[in-house]
Amino acid sequence: MTTDLFLNIDASSINWARAQFALTAIYHWLFVPLTLGLAVIMGICETCWYRTRDTFWRDTAQFWQKLFGVNFAMGIATGIILEFEFGTNWSNYSWFVGDIFGAPLAIEGIVAFFMESTFVAVMYFGWKKVSPGFHLASTWLTGLGATISAWWILVANAWMQYPVGCAFNPDTMRNEMVSFLDVALSPFAIDKFCHTVISAWIIGAVFVVAVSCWYLMKKRETKLATESIKIAAIVGLVASLGAAMTGHKSAQSVSQVQPMKLAAMEALYEGGPEQGLAIIPGVKVPYALSFMATNDFAGYVPGINDILNGYAKSDGTLEPSVDEKIQRGKQAITALADYRKAKKEGANPALLNEYLSTINSNMKYFGYGYVKDKNDVVPPVWVNFWAFRIMVGLGCLFILFFAVILAVTYKFPKALLQKYDITTLPDWHYWVGILLVPLAYIASESGWLVAEFGRQPWTIQDMLPTWVAVSDVEGFSVALTFFLFLFLFTLMLCVEINILLKQIKKGPEYNN
Amino acid sequence: MITYSFLQHYWWFLVSLLGALLVFLMFVQGANSMVRTLGYTEEGRRLIINSTGRKWEFTFTTLVTFGGAFFASFPLFYSTSFGGAYWLWMIILFTFVLQAVSYEFQNKLGNLLGAKTFQIFLAINGFVGPLLLGGAVATFFEGSNFIVMKDNLIDAQSFTPIISHWANASHGLDALLNPWVLVFGLAVMFLARVLGTLYIINNVNNDDIRSRAGFQLLASSLAFVVLFVVYLVHLLLKDGYSYTADGTIVIEPYKYLNNFLDMWYLLVVLLIGVVLVLFAIGRSFADKNWIWGIWPAGIGVVLVVLSLLLCAGWNNTAYYPSTANLQSSLTIQNSCSSEFTLTTMAIVSILIPFVLAYIWHAWWSIDKKKLDLKEIADDHAY
Chain R
2 MTTDLFLNID ASSINWARAQ FALTAIYHWL FVPLTLGLAV IMGICETCWY
52 RTRDTFWRDT AQFWQKLFGV NFAMGIATGI ILEFEFGTNW SNYSWFVGDI
102 FGAPLAIEGI VAFFMESTFV AVMYFGWKKV SPGFHLASTW LTGLGATISA
152 WWILVANAWM QYPVGCAFNP DTMRNEMVSF LDVALSPFAI DKFCHTVISA
202 WIIGAVFVVA VSCWYLMKKR ETKLATESIK IAAIVGLVAS LGAAMTGHKS
252 AQSVSQVQPM KLAAMEALYE GGPEQGLAII PGVKVPYALS FMATNDFAGY
302 VPGINDILNG YAKSDGTLEP SVDEKIQRGK QAITALADYR KAKKEGANPA
352 LLNEYLSTIN SNMKYFGYGY VKDKNDVVPP VWVNFWAFRI MVGLGCLFIL
402 FFAVILAVTY KFPKALLQKY DITTLPDWHY WVGILLVPLA YIASESGWLV
452 AEFGRQPWTI QDMLPTWVAV SDVEGFSVAL TFFLFLFLFT LMLCVEINIL
502 LKQIKKGPEY NN
Chain G
7 MITYSFLQHY WWFLVSLLGA LLVFLMFVQG ANSMVRTLGY TEEGRRLIIN
57 STGRKWEFTF TTLVTFGGAF FASFPLFYST SFGGAYWLWM IILFTFVLQA
107 VSYEFQNKLG NLLGAKTFQI FLAINGFVGP LLLGGAVATF FEGSNFIVMK
157 DNLIDAQSFT PIISHWANAS HGLDALLNPW VLVFGLAVMF LARVLGTLYI
207 INNVNNDDIR SRAGFQLLAS SLAFVVLFVV YLVHLLLKDG YSYTADGTIV
257 IEPYKYLNNF LDMWYLLVVL LIGVVLVLFA IGRSFADKNW IWGIWPAGIG
307 VVLVVLSLLL CAGWNNTAYY PSTANLQSSL TIQNSCSSEF TLTTMAIVSI
357 LIPFVLAYIW HAWWSIDKKK LDLKEIADDH AY
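Read top to bottom, the protein sequences are chains R and G.
Position one of the first sequence corresponds to residue 2 (our numbering), numbered consecutively onward.
Position one of the second sequence corresponds to residue 7 (our numbering), numbered consecutively onward.
Since the hints were made in silico from the structure, they are not lab data.
It cannot be assumed that every hint is accurate.
To be verified - Calculated pairs, DSSO-like style, for lysine-lysine (alpha carbon to alpha carbon, straight line, at most 30 Å): (1) K156/G <-> K129/R; (2) K503/R <-> K224/R; (3) K507/R <-> K61/G; (4) K122/G <-> K345/R; (5) K285/R <-> K375/R; (6) K294/G <-> K130/R; (7) K365/R <-> K156/G; (8) K122/G <-> K503/R; (9) K412/R <-> K506/R; (10) K156/G <-> K342/R; (11) K380/G <-> K503/R; (12) K415/R <-> K220/R; (13) K122/G <-> K507/R; (14) K130/R <-> K380/G; (15) K122/G <-> K380/G; (16) K375/R <-> K314/R; (17) K130/R <-> K375/G; (18) K375/G <-> K129/R; (19) K376/G <-> K130/R; (20) K156/G <-> K373/R; (21) K380/G <-> K507/R; (22) K130/R <-> K61/G; (23) K415/R <-> K224/R; (24) K122/G <-> K506/R; (25) K376/G <-> K129/R; (26) K129/R <-> K285/R; (27) K506/R <-> K231/R; (28) K61/G <-> K503/R; (29) K156/G <-> K344/R; (30) K506/R <-> K380/G; (31) K294/G <-> K380/G; (32) K344/R <-> K250/R; (33) K129/R <-> K374/G; (34) K342/R <-> K373/R; (35) K365/R <-> K345/R; (36) K380/G <-> K129/R.
Unchecked claim - Label-pair restraints from in silico Cβ distances: (37) L182/G <-> D172/R: 48 to 56 Å; (38) V433/R <-> N174/G: 57 to 65 Å; (39) A168/R <-> I305/G: 40 to 48 Å; (40) A168/R <-> G253/G: 16 to 24 Å.
Note that beta-carbon positions come from the ideal geometry of N, C-alpha and C, so glycine has one too.
Whole structure, please, built from the sequences with the hints as guidance.
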């Protein structure tokens, strides 16, 4: 009876809803990492001022704060759309998991957004109105607010990848939270938060180095540039190494809870033990994938076909095939329909319990009940494969870049680098620093492409596919808003970049 | 004893409080809609924009938190209203996006579009934001054209698995065809202008602007009072939607009047709020040297809106009535989160007083000295 369940939903509605969310998220992530990264650097600069009372540091902090402000506004503008799109474009989602998903968003608003919005006002308008200590605290609290905001939204996102701390309630027809701590402190969320925020610091550091390089190339603002590079190089190197470590941890989490995503990231169709990691198609580092996924060079890594057809896991248990999961998902849906009908008709408790037992034993595969073909659960492989490589490759480049910058700036080892002066390098050195800015963004966005494309077709892993999560809005309406936002965000991005360039060209304003 | 019902009422109170604070904070929008009438010179306009520019993020954050709190506590409303009244919410959001960038960009070198364009964006948000948000709130009393069918998710015979549907193709714009929704929306818009004028009188130390504010205050206040009184009379005389013990929705004559009589304390709060607003308007108009009107007016507005929203959701009232299918109407009982989630969030809500305390301190720190032209020239300014 449920063979062709709901497959008559308008495909364009789903695709435009996905496109609109992707558009907003990608634009939002152009601004947020710079906010998070610059917050650290301007905080350090202002702390230097607080400790030394050298006006140079105050002017430097104010300069970076000015650039921070231009970028911050766009982060806010795109962020509001993102939150409300859960309701406007994913209304079924909002009901089906709102009991769990809404809480982090509400806490984000209460705890983080108010902190950000309150103290950012003090940061900008309070230089002459509050004490230096209060101002310094406000600057750090602005960054802390942004970071706490990242925590809660990443808790929410991690829950979509790895839904924990919840149980399905057949009477309310939704999933309900049963453990807040499991949701808020999910290991997947912790990995995701650490990796994402640390990678944002890289963007902040690359941006500061790039602006400083431009000044050095133009032989102006030399002190601001060299001192900023010293700070940014340390932040950047620590962050790049941290991103590598947390990235490894994230990949292991993915291998455990989203094996299909890992298989897509590697374009691995036929898995097995002792798997090599592909650098590019055809070139593999032996055993590296097994080690990355399992911390064991001989570890078993399932491929796409293994997951589709079922496989034996390393602990000896059998992972069912997708066809079997589809059948069990349909059983859960049918039992749920029977349960609700029987309850309305006042059936006896024994019958209701029988339905409940069927629902509970198959609930793990509920979402598969809406899948028509097993191949529908395979995410787009090439996007995941290349996005992962771009992210990792550029991440390695940044480790090298910051290590070199740090070495040259601090002249360590002295014997080798004594003759180099960061302020008098040939121009092409500075151009390298400048050209790394777009690469940092590409690396960061690639990370999100892996995270989100790898989860497809699920909005919530194994629980709710995209085509059951959408709102009942015609594709035309969503397409119209998609293009409106595309136009608006692109226009504003152009404005922002132009303002940033003019501000950088204008340079800091020295108060003394 | 903290029961599930208590938590539902508590969370409706918090959401209502956030809504009430949001309406008060829309003085930002109100003032932005009057930039050109209050500030005749370029300097005057910059003063007004910089004055609201120190507060706009509070309004914005309150709107976002209002949405987040609704999502966490009443997810079926979030799902039904945002997913159904798509265009109404999208237009509101669109104007707030315009606002978010306009402060920072307008007077920066290289903004490509020119300062005037961003000032127009602020004005658009200033008019449209309060009008449509007010209209959206009015649907709590007037109803909306939606259907909720939870079984769609598992019913193979249903057209789609989506549980909430808008029953017409306008996706929320139909609300604006209801004259009462427009009356309430316009009332909120003029209220925002009243609050905006009172805020500017308080916050901007400029004789020219303050001298112009009197007339604007009178004009906006008259429009607001007339529209508000008309709507309040309509509300007290209209039928409402209540639910019985088993959750069945029924139409009840004079429901909102009965609510105010049953919950007399809300009536008291409403009347105190009205008196405070009228006092603030009256004294500000009569005494040109008195600049504190924003505070009694602000407190009054919070009390009035809070009492209206509590009247919409408490006392077994369907707070989001469906005009398409009575039994689809949303109540705090049938649309709320689970007891566990509401309890968890109630614990989190203990933080709210601390949040309010630091907001107050920061606000006080920034506003100790009133904004003047010298500060714009010497300090960070938009």
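### Query
Hey, K376/G versus K129/R, does the alpha-carbon distance stay inside 30 Å?
With a Cα-Cα distance of about 13 Å, the restraint between K376/G and K129/R holds, given a limit of 30 Å.
### Restraint status (C-alpha distance of K156/G to K342/R at most 30 Å)
Holds, because 12 Å separates the two Cα atoms, which is no more than 30 Å.
### Query
Does the alpha-carbon distance linking K507/R and K61/G stay inside the 30 Å limit?
Holds - the C-alpha atoms of K61/G and K507/R are around 28 Å apart, at most 30 Å.
#### Entry: Holds or violated: K122/G to K507/R, with C-alpha atoms at most 30 Å apart
Answer holds: K122/G to K507/R is near 22 Å, not above 30 Å.
### Query
Is the hinted range of 57 to 65 Å satisfied by the C-beta distance from V433/R to N174/G?
holds (58 Å)
### Message
What's the verdict on K130/R and K61/G, does the C-alpha distance respect the 30 Å limit or exceed it?
### Response
Cα-Cα ~16 Å, so holds.
### Message
Please verify whether K285/R and K375/R have alpha carbons no more than 30 Å apart.
### Response
Holds, at about 29 Å.
### Query
Are the Cα atoms of K156/G and K129/R separated by 30 Å or less?
Answer violated: K156/G to K129/R is near 57 Å, above 30 Å.
### Query
Is the Cα-Cα distance between K294/G and K380/G 30 Å or less?
holds (23 Å)
### Query
Is it true that the CA of K415/R sits at most 30 Å from the CA of K224/R?
Status holds; Cα separation ~21 Å.
### Distance restraint between K380/G and K503/R, which requires alpha-carbon spacing of 30 Å or less
Holds, because 25 Å separates the two Cα atoms, which is no more than 30 Å.
### Query
If you draw a straight line from the CA of K122/G to the CA of K345/R, is it 30 Å or shorter?
violated (61 Å)
Hints 1, 4, 26, 32 and 37 from the list above are not met by this structure, while the remaining hints are.
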